[in-house]
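If you're matching them up, the sequences are chains A and B in order. Under the working numbering, read the first sequence as residues 1 to 330, first letter to last. Under the working numbering, read the second sequence as residues 1 to 261, first letter to last.
Don't read these hints as lab results, they were simulated from the structure. Where hints are given, some of them may not hold.
[Stated by the list, open to error] Here's a subset of chain A near chain B, in silico, CB distances under 8 Å, partners left out: (1) V116; (2) N117; (3) M140; (4) V144; (5) V178; (6) R190; (7) Q243; (8) G256; (9) D310; (10) V319.
In this text, a Cβ means the ideal position worked out from N, Cα and C, and glycines have one as well.
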Amino acid sequence: MAGNVWVLAEQWRGQLSDITYEVLALGKEVATALGVDLHAVLLGHEVRDLARSLGKANSVLYLDHASLATSVPETFAHALTSAIRAKSPHAVLIPLTNVSWELGALMAAELEVDYVNACKDVRAVDGKLQVRSVLYGGKMEAMVNPAQSPAILGILPGVRPADQGRAETTPPVEELRVDLAESSSIRWKRYLEPEAGDIDISKQEVLVSVGRGIQSRDNVALAEDLAGALGGAVCGSRPVIDQGWLPLSRQVGKSGVVVKPKLYLAAGISGAPEHVEGMKNSDLVVAVNSDPQAPIFNVAHYGITADVVDVLPALTEAVHSRKEVKKHAA
Amino acid sequence: MKIIVLLKMVPDVVEELELAADGKALDTEFLRMIANELDNHALEEALLLKEKYSGTVTVVALDAPEVDDALFTALAKGADQALKITDGDGTLGTRAGAYRLAQTISSIPGLLPADLILTGAQAIDDLDGLTAPLVSHLLRLPQLGIVTKVSVDTTAGVATVLREFPGGVRGEYEVKLPAVLGIQAAEKPPRYVPVAKVRAAMKSQAIQSVVAPTAADGGVCLLPVEEMTKPEVTEHAQMLQGSPEEIADQLCEILAARGLL
Numbered sequence: 001m002a003g004n005v006w007v008l009a010e011q012w013r014g015q016l017s018d019i020t021y022e023v024l025a026l027g028k029e030v031a032t033a034l035g036v037d038l039h040a041v042l043l044g045h046e047v048r049d050l051a052r053s054l055g056k057a058n059s060v061l062y063l064d065h066a067s068l069a070t071s072v073p074e075t076f077a078h079a080l081t082s083a084i085r086a087k088s089p090h091a092v093l094i095p096l097t098n099v100s101w102e103l104g105a106l107m108a109a110e111l112e113v114d115y116v117n118a119c120k121d122v123r124a125v126d127g128k129l130q131v132r133s134v135l136y137g138g139k140m141e142a143m144v145n146p147a148q149s150p151a152i153l154g155i156l157p158g159v160r161p162a163d164q165g166r167a168e169t170t171p172p173v174e175e176l177r178v179d180l181a182e183s184s185s186i187r188w189k190r191y192l193e194p195e196a197g198d199i200d201i202s203k204q205e206v207l208v209s210v211g212r213g214i215q216s217r218d219n220v221a222l223a224e225d226l227a228g229a230l231g232g233a234v235c236g237s238r239p240v241i242d243q244g245w246l247p248l249s250r251q252v253g254k255s256g257v258v259v260k261p262k263l264y265l266a267a268g269i270s271g272a273p274e275h276v277e278g279m280k281n282s283d284l285v286v287a288v289n290s291d292p293q294a295p296i297f298n299v300a301h302y303g304i305t306a307d308v309v310d311v312l313p314a315l316t317e318a319v320h321s322r323k324e325v326k327k328h329a330a
Numbered sequence: 001m002k003i004i005v006l007l008k009m010v011p012d013v014v015e016e017l018e019l020a021a022d023g024k025a026l027d028t029e030f031l032r033m034i035a036n037e038l039d040n041h042a043l044e045e046a047l048l049l050k051e052k053y054s055g056t057v058t059v060v061a062l063d064a065p066e067v068d069d070a071l072f073t074a075l076a077k078g079a080d081q082a083l084k085i086t087d088g089d090g091t092l093g094t095r096a097g098a099y100r101l102a103q104t105i106s107s108i109p110g111l112l113p114a115d116l117i118l119t120g121a122q123a124i125d126d127l128d129g130l131t132a133p134l135v136s137h138l139l140r141l142p143q144l145g146i147v148t149k150v151s152v153d154t155t156a157g158v159a160t161v162l163r164e165f166p167g168g169v170r171g172e173y174e175v176k177l178p179a180v181l182g183i184q185a186a187e188k189p190p191r192y193v194p195v196a197k198v199r200a201a202m203k204s205q206a207i208q209s210v211v212a213p214t215a216a217d218g219g220v221c222l223l224p225v226e227e228m229t230k231p232e233v234t235e236h237a238q239m240l241q242g243s244p245e246e247i248a249d250q251l252c253e254i255l256a257a258r259g260l261l
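Just chain B, same shape as in the assembly (with noise of 0.2 Å):
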C-alpha cells in the first residue's frame, strides 16, 4: 500500500507569540515552528497502516524553519522517503500550500496515484482553508476530515473511516480508494523517537528536494490579512497569587463562598 503524508510546519504556541512590526503577522524572528500536531497523527496513522498492510509511507512538506528536524524524525519514525518542496517563500496560506502541494505531488512521477493521502484533520494556522478538502478537490478524491480509524480491505481496494460527530458519536464510512483524510487522530498517541535514532537518520538518510511546477499555486488569491491581533480580553480571570498552599486556601474561600465547600 502507497500512503502519502502532507505535513506542514506551524507556530510553536507553547512559546510566546510576538507580531510584527506591521501588524499584519506573526514575528518569526523568535518563533519555534514544529510539525503540526494533527499533522503528526495522520503521520503515525500511516505508519500503524504500513506495518499492518505493508507497503510505503513518503511524507511530503513545503519547506519552513525546521522542517528538516520534522522530515528526519519523519524518517527516524518509519517513513520510506521525505519529499521537501523547496521554492515558495513559505508564507503561504493554506489554500495556496494545498495548491503547490497537490501540483507538486502530481508533477513527481510514479508518486501518484497513491492509496491514501493523509494529513491534519486541521492546523492551527489555517485561515483561508483546511488542506484535506483542498488538496482531495484538486485531484479530484473522495476526503473525509476528523478521521479517527483507518482499515483498509486491500484486495477491495476500500477503506473503512471512523470519522467523529458531536458528543462521542462516531460515524462508519467505506470509502473507495484512493482517497484523502483528514486525520484527527491517531488509534496509537503519536510514537516517541530519540533524538540519536533522529541524528543517525540525518547521517544514513537524505531529504529530497523537489521543486513545484511553474505557478503551481498562480491563481489563487491569498486572503490578506488586515490586521493581527492578541484576543481582545473583555474579562480576565481574576488571578491568585502566592504559594501553592496560600493560593489553595484562597480558592477554599471562594468555593465555600459559593457553597461548593
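If we strip away everything but chain A, and leave its shape as in the complex, we get (with noise of 0.2 Å):
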C-alpha cells in the first residue's frame, strides 16, 4: 500500500528508545489526518520481540539483517532507502538522536527528496504536510511545506508525549527483504563506555548546571559554591564541557545525559533545544540569563535577566543566611 505515514522505531543496543513512542504519537496524528496508516520501521539483527510494544502503529515493518547489528550510518540508511523504494510511503519520520542522526539527511540525498532538519511539529491539513523546524538555537521556527513524497523528516526529541505513542496491542509484523551489504569503507569497531567514577547527575536531587555565560573556568567555582549551600551538583551544557571545564559526565543534553531533577537552575545557559531535550522534565526550572530572548525562559519556571557572575554569589549567600536562621530557630 503506498501513501502511508511511516516512523523509524529506533533500537539502540537492543532497546527502543523513548523518542520512538514519542515520535509514533505525532506520526498516528499524521496519518489519521491524512486517511492513511502508519507503520513502524524496525531495523536491526534480532531484534524482532521490540515490535510487540510498537501497537500504536497498524503494522510493523520489520527488516532484520546481520550488518545492522552494529551502527554504521550508512548501512541504515542504505536499507531504510531499500524499504522506501519498494514501498513509496508518503512521509517518513526520523527521530533526530544520536543514534539516527545522519539518516534523515543521507536518504533524502539518495532519493533525491524533501528533508526537514529538526522538526518540532508535523500536521496534515487538506492533504498537505505542514512542517515547522527550529533554527538558530532555538530562537526561530520555520514553517515549510515539503510537496516531494516522501518527505523525510527529522523529529527532534520531545515533540508529543511517550505515553502517547505506547499502546496494549501487538501489532502485525510483515518482514522486508532488502539486499544488504557491509559498508566497504566503514568498519565498526566497538563502544566506549563513558567513564565511572564522578557522581551520577541523573540521581541529583539539586543540580546547578553552567553554560557558555558562566565565561571562564575559573568562574565555575560560582557555581560549586551554590551547588554545596544548596546539597546539589554541578553540571553543564555542551560548551563548558567541550572547553574542558567539566567533565564529560557532567554534560546535560542530547549527547550527555538526561536529568529530571526536583530543582534545575540554569546559570548562563542560552536553552538550544539540544540542551533542553536533556532537562525539560525537571520539576523546578530556574534560568538566569543575560540575555532576555534567551529560549531557556521558555522552559524556566523563573527567570532572571542578569549576569549569572553577579547572581550566583548572591544566591549562596542568601541560601547560607537563610539556613543560619533556620538553625538558630531549630
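With the hints as a guide, bring both chains together as one complex.
Dropping the structure here:
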C-alpha cells in the first residue's frame, strides 16, 4: 500500500528509545489526518521481539540483517531507502537523536526528495504536510510545506508525550527483505563507555548547571559554591564540557545525560534544543541569563535577566544565611 | 595529509534576531554573521591533525557577509589556503549550498582527492539538510557525523574515528580515506588568534576567489519557507526583578516553599 506514514522505530543496543513512542504519537496524528495507515519500521538484527511494543502503529515493517547489528549509519540509510523504494510511503519520520542523526539527510540525498531538519511539529492539513522546524538555536521557527513524496522529516525529541505513543495491542509484523551489504569503507569497532567514578548527575535532586554565560573556568567555582549550599551538584551544557571546564560525565543534553531533578538552575545557558531535551522534565527550572530573549526562559518556571557572575554569589549567600536562621530557630 | 574544511557563515544568535518584512526570513540589515561554531571545531580538528601528521589544510566557504574575516582568521590560525566561492546569492539552503560546495571543489584541479573533508556536524541554520551527509553523497565518499576524535594511520590510509551516542557513550569506527566527517567537537577547544595576527594574515596572505561551475546547484529545489516566526511562547518563565540580593531573597522564598531549602 502506498502513501502511508512511516516512523523509524529507533532501537539502540537492543532497546527501543523513548523518542520512538513520542514520534509514533505524532505519526498517528499525521496518518489519521491523511486518512492513511501508520507503519513503524524496525531495523536491526534479531530484534523482532521489540515489534510487540509498537502497537500504536497499524503494523510493523521489520528488516533483519546481520549488517544492522552494529551502528554504521550508511548501512541503516541504505536499508531504509531500499524499503522506501519498495513501499512508497508518503512521509518518513526519523527520530533526530545521536543514534539516527545522519539517516534523514543521507536518505533524502539518495532519494532526491525533501528533508526537513529539527522538526518540532508536523500537521496534515487538506492532505498537505505543514512542518515546523527549529532554527538558530531555538530563537526562530520556520514553517515549510514539503511537497515531494516521501517527505523525510527529522523529528526533535519531546514532540509528544511518550505515553501517547504506547499501546497495549500487539501489531502485525511484516518482514521486509532488502539486499544489504556491509559498508566497504566504514568498519564498526566498539562502544566506549563513559568513564565511571564521577557522580551520577541523573540521580541528583538539585543541579546547578552552567553554560557559556559562566565565561571562564574560574567562575565554575561560583556554581560549585551554590550547589554545595543547596546540597546538589554541578553539571553543564555542551560548550562548557568542550572547553574542558567540566568532565563529560556532567554534560546534560542530547549527547550527555537526561536529568529530572527537583531543582535545575540553569546559569548562563541559552536553551538550545539539544540542551533542553536533557532537562525539560525537571520539577522546577530556574534560569539566569543576560539575554532576555534566551529560549531557556520558555522552558524555565522562574527567570532572571542578569549576569550569572552577579547572581550566583548573591544566591549562595542568601541560601547560607537562611540556613543559619533556620538552625538558630531550631 | 590533505584536509579540506568546509566553513559556513551563520547569524550570530547572541544578537537579537529580527524578521524581514515578508515574514519568511531574517532581516539581514542588522545581522552579524560569524563562522558556524561547529565548523570552527572542524577547522581546529584539521589543524590538530596537520600538526600531528603534517600536510595541508584548505578552507572553503561560500560567499557571505564577513566571510573574509572568517577566512583570514583561518589562515592566521594555520590554514594553508582559503577559497571563497564568489558567485551565488548567498541565500542558499544547506542542501543547495552542499551541492555548490561539492561541485566546486570537484572542479578545481588538484584539490581532490583530499584525505579528509571536515565540516561541522550541524549548523544552526540547517533547515533542509546537513552538509556532511550531503557532500559525502555527492562525492561518493563514506561519512560519519557527531565526531569528537580522529586519528589517522597515514600508511594504511584509514582513520579511527569516535562518534557520539547518547548518555556519554561513544562508538569507535575505522574509516577508509578519503572520507567526510561531521565534527561535533575538536579534541581541544578552537584556538584563539589575536586580532593582530589576523591583520598580519590580511597583509601577507590572500583569499583565492573561485567561481562555481555553471548550474552547480541546478536541479536542487529549495524548500521554500512559508513563514518564519519567533517561537510561540506557551509558557514563559515568571521573571524575578531587582538587585542580585533582592532576586536571591525571592528565589530563596520560592525554594523554601517547595521544601528545597
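Evaluated hints:
Because the smallest distance between the Cβ of V116 of chain A and any Cβ of chain B comes to about 7 Å, under 8 Å, the interface hint for this residue holds. At about 5 Å, the closest approach between the beta carbon of N117 of chain A and any beta carbon in chain B falls short of 8 Å, and the interface hint on this residue holds. Among the interface hints, the one on M140 of chain A holds; its C-beta lies about 6 Å from the nearest C-beta in chain B, closer than the 8 Å criterion. With a cut of 8 Å, the hint placing V144 of chain A at the interface with chain B holds, because the nearest CB-to-CB distance is about 5 Å.
The restraint placing V178 of chain A at the interface with chain B is violated, with a minimum CB-CB distance near 19 Å, outside the 8 Å limit. Here the hint on R190 of chain A is kept, as its CB sits about 5 Å from the closest CB of chain B, short of 8 Å. Annotation: Q243 of chain A was flagged as interfacial toward chain B, and the flag holds, the nearest CB pair being 5 Å apart, inside 8 Å. Hint status for G256 of chain A: holds, given a least beta-carbon distance of 6 Å to chain B, under 8 Å.
For D310 of chain A, the interface hint holds, since its Cβ comes within 8 Å of a Cβ in chain B; the closest pair sits about 5 Å apart. Of the supplied interface hints, the one on V319 of chain A holds, with its beta-carbon coming within about 6 Å of a beta-carbon of chain B, less than 8 Å.
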